[in-house]
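A.B. asks: Sequence:
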Amino acid sequence: MLTKKSTVGTGVGRRLRSSAARLVGQTMDRRGFLKRSGLGVGAGAIASQLPYNFIGAAEAADAPVAAGAGDTVVRRTVCTHCSVGCAVDAVVKNGVWVRQEPVFDSPINLGAHCAKGASVREHGHGEHRLKYPMKLVDGKYQKISWEEAIEEVGDRLLKIREESGPDAVYWIGSSKHNNEQAYLLRKFVSFWGTNNTDHQARICHSTTVAGVANTWGYGAMTNSYNDMQNAKAMLFIGSNAAEAHPVSLLHILHAKENGAKMIVVDPRFTRTAAKAHQYIRIRSGTDVPFLFGLLYHIFQNGWEDRKYVEDRVFGMEAIREEVLAKWTPDMVEEACGVPEDQMLLAARTMAENRPSTIVWCMGQTQHTIGNAMVRASCILQLALGNIGKAGGGANIFRGHDNVQGATDVGPNPDSLPGYYGLATGSWKHWSNVWGVDYEWVKGRYASQELMEKSGITVSRWIDGVLEDKELIDQPGGKLRAVVYWGHAPNSQTRGAEMVEAMKALDTLVVIDPYPSATASMAAMVRKDGVYLLPAATQFETVGSATASNRSLQWREKVIEPLFESKPDHTIMYAFAKKFGWGEELVKNIKLEKDGHGWDEPNIEDILREINRGTWTIGYSGQSPERLKLHMKNMHTFDVKTLKAQGGPCDGEYFGLPWPCFGTPEMKHPGTPNLYDTSKHVMDGGGNFRANFGVERDGVSLLAGDGSASMGADLQMGYPEFDHLLLKKLGWWGELTDAEKAAAEGKNWKTDPSGGIIRVAMVNHGCHPFGNAKARAVVWNFPDAIPQHREPIYSPRPDMVAKYPTHDDKMKFWRLPTLYKSLQEKVKDISKEYPLVMTSGRLVEYEGGGEETRSNPWLAELQQEMFAEVNPKDANDAGFRNGDYIWVESPTKARLKVRAQVTQRVAPGTVFLPFHFSGWWQGEDMLKFYPEGAAPIVRGEAVNTATTYGYDAVTMMQETKTTLCRVSKA
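Each residue of the sequence shown is one higher than the one before, starting from 1 at the first, in this note's numbering.
Please note that a few of the clues may not be correct.
Said to hold, decoys possible - Taking CB as the label site, the calculated pair distances span:
| # | residue 1 | residue 2 | range |
| --- | --- | --- | --- |
| 1 | K927 | E500 | 14 to 22 Å |
| 2 | R306 | E257 | 51 to 59 Å |
| 3 | D437 | G698 | 41 to 49 Å |
| 4 | E449 | G711 | 45 to 53 Å |
| 5 | H635 | D437 | 42 to 50 Å |
| 6 | E625 | G302 | 48 to 56 Å |
| 7 | E317 | S967 | 46 to 54 Å |
| 8 | E625 | E257 | 24 to 32 Å |
| 9 | E449 | V525 | 30 to 38 Å |
| 10 | Q448 | G745 | 18 to 26 Å |
Read the hints as simulated data drawn from the structure, not as lab findings. Since this is a predicted model, take the numbers as computed values, not measurements. Every residue, glycine too, gets a C-beta built ideally from N, C-alpha and C.
Could you build all of it, start to finish, from the sequences and the hints given here?
C.D. replies: Shown next, in the form of structure tokens:
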């Protein structure tokens, strides 16, 4: 919803103009925008829209100047917004970031940027940042020193720990941290003594990680954006890539130009849908009926890949029986609203144009049955034989720039880095890597039971404060302090209740380059006990970030930390010293002095520690040296295969996409497409992981004969490697004496030498994680076969009777969780709130939006929060396009937003973007922000009004299907 230029002079125009006057001046044309944002004409935001022969480097970039040559240097970094991983060359003169160029050599972004990427320089030099530490005093934020902040916050947290135990403090990490910082934070909270930690992945793709990992072994995107150019058909479901991942369209549209068929399934006609050959509008929350409806036609017509299924899939016959019995065309149409002819066409397109790929995002994951929806997508691809194939796969687009990496090695409440879990063996493995005594780490926890028990999820920290103490499954009871370390509260549901939780806390700490919505929400209801600490951006430090395709990229430091901000890992170490275990935190990590005399842990050493411990998912081969070499030689990598053709990285895949097995010296090239048996394991090939045992009910779970990776000495299915299997095969003697000593009694995941991996892969072409079948039936989930269950707040009481939700859970991630009892209570509430309320992304903003809405170049593009409403619903409610309206949910929270009357949404559906904050139920919250640190554009947060609902496996929040009503304001 673009505000017309003529509105400058109205309230919104004045607000934007006055907030950004010193930076923007007056309304600009395109040339002025590019010049002021640091982009040369012909590059950046418009690059992807120009014919290739019209794209050129910016005027002043005739020859990049190397570091140390004169006063101008070029630093190579990566955009800090979505997960595509677009590379940026930042031109720095006398320490000032003066200009940026999109990297044309990057095989990922090919010299393109979206609006957000084109303006990242402003993030590095933003005037709306948090400039120095502050605390809330009598309802107003006041400046304090860093020394005061560390002492006061540290004393408060230590007092809470002493009185209520370490679990009384909740640590919210960040998908904006680089891999090294995310990893260090998980180590940090482990030494604090709690698993009450989490980050953004919980509320974006936790259902993906759980569903995908439990299907075939690893919870990540199987292929890559680039590999989509090999697809013959593409199915997008719950993914609006054109706005959420704009530069991914480079590869998607190349595929389309090469003849690939494009299907978009969404309740809303998105910008991505505008590119599709077939657009299918489904009722929000009915992905399982739709996907199983496709499978109905695939099974009926014999379009499944029977040989592939026989050799590589467990349980597909049970799926067939379920689908043919329950998801006939009439049942599918009743549930999701899609007629048989559309279903048949989509199924035929996917079946007759193989390899075909599927893409999903938060439109599929953020539901109370998100895990079932994800697994239904996986099952569709297994039936078609598309997993482990170039051009096929499950291309799961992640959100934040490092949400993949932070999930892999960062602060998860149910696992240590690398998904090692919380069992004793996992703790002993990581204690060994950290060089600390396991008993000492155990002593940091209230008990061994709590040490090995999953913590509260970030989606539910509110209930960790507000729930009855007796119902919280931890001895200390309620949470008393929350540390928001790079996380936006407005991206979480139940915002109205969150404010009450903030009010009830003893202490609330925000560590962020921007104060985030936390600062204003807390100041609205508190007088004290809130601290704001300015973190540096990723442009003010170094480190690696993992793109959605699992490729790691190394960021150079562009500028020194601005104002009084400090890198996150520096802040971690300062608190660790205050807490008394600074030496243990950095036992294997050098300390360096920053420009102010503070100790900064060496990022390269942190990555090397990750390499030494994270064997499970292959974060072991990407040394700093290898990653830096890739960044300097981007031009040598093929843009479709990501494989280097000659040069110093010859034969490696760009960014060494994980798993990159073994030690860096083993030179594994990375894995471009997971589970691909057409390649040798030392060329990135693989097979499905043996992670679920060797048999089930007397049926083998190991893969069939001949389905192993190319060149493997074992061409049948086999279990994961350990010291016993190596001895049984007669391969133990191939270890060195030192490797034998380290590997004795270990498996491939805990062998600190990497010798088991080396012998299996290099000597015998076998995967260390075994060779098994993927699981179409996941017996350890609430629904072994994915079931459709209506959302708790459903617009269809008749469907609730047919497809009820789960039973309530009394102890689930330490908290009672409501399902059926609440659904029964509100089953008729659609009479009062008849419209489905759903949310999603915009191209202009990202995440919680404080950063991007503080950027004048982006604020110019989208100046107000809005709601898309169908003309029928608008007419019935008596308002027109551009009017202010109230959107009210069953929580009784009300949002005052502009109406965008459009047929992009069907009658009965209201769409709101989730990037806004700064208004609270009709009132501007400007007075509650620290002076000078409020975003330029403020608006209602949709999640102020979202309702209760959580996935029955992961605690993913429900954001896509709740209810509301609309009226003229």
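A.B. asks: For every hint, state whether the structure bears it out.
C.D. replies: To see whether the hints hold, each was checked on the structure:
Look at K927 against E500: about 20 Å separates their beta carbons, and that is inside 14 to 22 Å. Range check, R306 to E257: about 33 Å between beta-carbon atoms, so the 51 to 59 Å window is missed. A C-beta distance of roughly 44 Å is found between D437 and G698, which places it inside the suggested range of 41 to 49 Å. For the hinted restraint 45 to 53 Å between E449 and G711, the CB-CB distance of approximately 46 Å keeps it satisfied.
Distance hint check: the CB atoms of H635 and D437 are about 48 Å apart, consistent with the given range 42 to 50 Å. Range check, E625 to G302: about 52 Å between beta-carbon atoms, so the 48 to 56 Å window is met. The beta-carbon spacing between E317 and S967, approximately 52 Å, falls within the hinted interval of 46 to 54 Å. Here the CB-CB span from E625 to E257 is close to 38 Å, at odds with the stated 24 to 32 Å.
Between E449 and V525 the Cβ separation comes to about 35 Å, which falls inside the hinted range of 30 to 38 Å. Distance hint check for Q448 and G745: the Cβ-Cβ separation is about 21 Å, which falls inside the suggested range of 18 to 26 Å.
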